[in-house]
Structure formats: structure tokens, C-alpha cells
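Put together the whole structure using the sequences plus the hints.
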Amino acid sequence: DAGITQSPRHKVTETGTPVTLRCHQTENHRYMYWYRQDPGHGLRLIHYSYGVKDTDKGEVSDGYSVSRSKTEDFLLTLESATSSQTSVYFCAIMLAGGSEQFFGPGTRLTVL
Amino acid sequence: DAKTTQPNSMESNEEEPVHLPCNHSTISGTDYIHWYRQLPSQGPEYVIHGLTSNVNNRMASLAIAEDRKSSTLILHRATLRDAAVYYCILTPRGSGGSNYKLTFGKGTLLTVNP
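Residue numbers (my numbering), protein chains in the order written: chain A, 1200 to 1311; chain B, 108 to 221.
Simulated from the structure, these hints should not be mistaken for laboratory data.
Careful, some of the hints might be misleading.
[Said to hold, decoys possible] Some but not every residue of chain B turned toward chain A, in silico, with C-beta under 7 Å:
#, residue
1, G150
2, P151
3, Y153
4, H156
5, Y207
6, K208
7, F211
8, G212
9, K213
10, G214
All residues carry an ideal CB built from backbone N, CA and C; glycine is no exception.
As C-alpha cells, then:
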């Protein structure tokens, strides 16, 4: 299963609090991605990383920051969570060969 | 980015073939056609991809029109486990993951009847 985990799997927080989601992989893949999925919609890319300390924005990056200090961990931070950031967040890695992304199990975040 | 058009929903019976269409009339010559699916309460999973020729793997077949403006994902014998949202996505050919950013539409919700 490409050794990808997300933590926490569920989180409820209050508006204005900081939140960090973690994506961890065990197979040394270079490319990692964060997506969000809202009801009735497909996934939308938030940020992605193409190496340690190398990241770039996706289509819905406002209100989010990321960090990648180690190959295996890609962190997504909501500096001050808002109700509009209530969503399911998926992490993904690009498998060797560059033709397939493998997705984690998702984190369900609720901002009250 | 080139766009894809898929029916909102389709229905099939178990053990029958399913043909899921995708239109991509503005596809460029360097765009790959990818299919992913998302089972209920799970993350998306890769199904198949192709460029010009038809492709087969253990999960499905991909039939690509000669002008590449449309494609069809074929599930040869649908099972209940194939009930999912199927996404048809174009990705540019290029080097590295910076060119491999998936843009998901709403996909096709496939219902499989027992």
C-alpha cells in the first residue's frame, strides 16, 4: 500500500486555532501532495512538494502552509482554522515511474 | 488546462460490462489520459492510463478514440466492489511531479445493481 499514513484521522477544532496534519511515507518517494475534498466535489490540490524543502502552491492554497523537512513527512498547517476549511484532506505520493499517484486514507477535519 | 466531460451517473448490473465515457475535445498531443476511482469513504485509487493506444490491465481496459478527443473506460465484468466515482483526468507529459498535478472534476458515479 506504498506505506502512506495520515494523522490524525479525525479532528474537531474551533475557529481560529492552528491545526497541523501529517502525512508520512516509508518508501522515499520524492513527490508528495495535499488535496482537500468537499461534499459533491472532486479533490482539489492545496500544495505539493518535489523534494525536501521544495514546495509549491496548488489551486486552493490560501489559508494553508506546508513544510517538508524530511523526505518521509509532509505537513499541512492551517495557521488559523476557519469553518470553510472543514473538509476531508488527502495526502498522496507519486509512485516511481511518474504515472500514478497513491493516496492516503484521509483526515476528516471539522472546524466549529 | 484541458477539460474533461463525464456523465454524472451511470448504472450497471453485476457481472455485466460497463463502458464509462469521457470527452476531452481540447486535449493536447502531449496529454496523458488517466482514470482514477474513489470507493465510498476512501481516497482515490489509480485505475489505468494511456496516451494513444488502447491499454489493458488487471482492473480495466482503456479505449482511446483515434482523434483522442474521447476515451472509454471498460470494466469487463462489474462487481459490487466496482461501485465508485470514476474520474477521467488529463495530465501533461513532462518531467517530474510538477507536471503531474491531478485536476479532479466531479466524475461519474457508478452504481452496480446485484
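Original post:
Hint check: is the beta carbon of Y207 of chain B less than 7 Å from a beta carbon of chain A?
Top reply: Because about 6 Å separates Y207 of chain B from the closest Cβ in chain A, which is inside the 7 Å limit, the hint holds.
**OP:** Against chain A, run the beta carbon of P151 of chain B and see if the smallest gap drops under 7 Å.
**Re:** With a minimum Cβ separation of about 5 Å from chain A (threshold 7 Å), the hint on P151 of chain B holds.
**OP:** Go through the hint on F211 of chain B and say holds or violated, using the shortest Cβ distance to chain A against 7 Å.
**Re:** Because about 3 Å separates F211 of chain B from the closest Cβ in chain A, which is inside the 7 Å limit, the hint holds.
Original post:
With a cut-off of 7 Å, does the beta carbon of H156 of chain B approach a beta carbon of chain A closely enough for the hint to hold?
Top reply: holds, 6 Å
Original post:
Does Y153 of chain B pass the interface check with chain A, least Cβ-Cβ distance below 7 Å?
Top reply: Since chain A brings a Cβ to about 4 Å from Y153 of chain B, closer than 7 Å, the hint holds.
**OP:** Would you settle whether the hint for G150 of chain B is holds or violated, based on the nearest Cβ-Cβ distance to chain A being less than 7 Å?
**Re:** The hint holds - G150 of chain B has a Cβ within 7 Å of chain A, the shortest such distance being about 3 Å.
Original post:
At a threshold of 7 Å, is the proposed contact between G212 of chain B and chain A supported by beta-carbon distances?
Top reply: This interface hint holds because 5 Å falls under the 7 Å limit.
**OP:** Please verify that hint: G214 of chain B, Cβ, nearest Cβ of chain A, below 7 Å or not.
**Re:** Given a least distance of 6 Å, the restraint on G214 of chain B holds.
**OP:** Would you settle whether the hint for K213 of chain B is holds or violated, based on the nearest Cβ-Cβ distance to chain A being less than 7 Å?
**Re:** holds, 6 Å
Original post:
Close enough to count: is the Cβ of K208 of chain B nearer than 7 Å to one in chain A?
Top reply: holds, 5 Å
Checked against the numbered hints above, the structure violates none of them.
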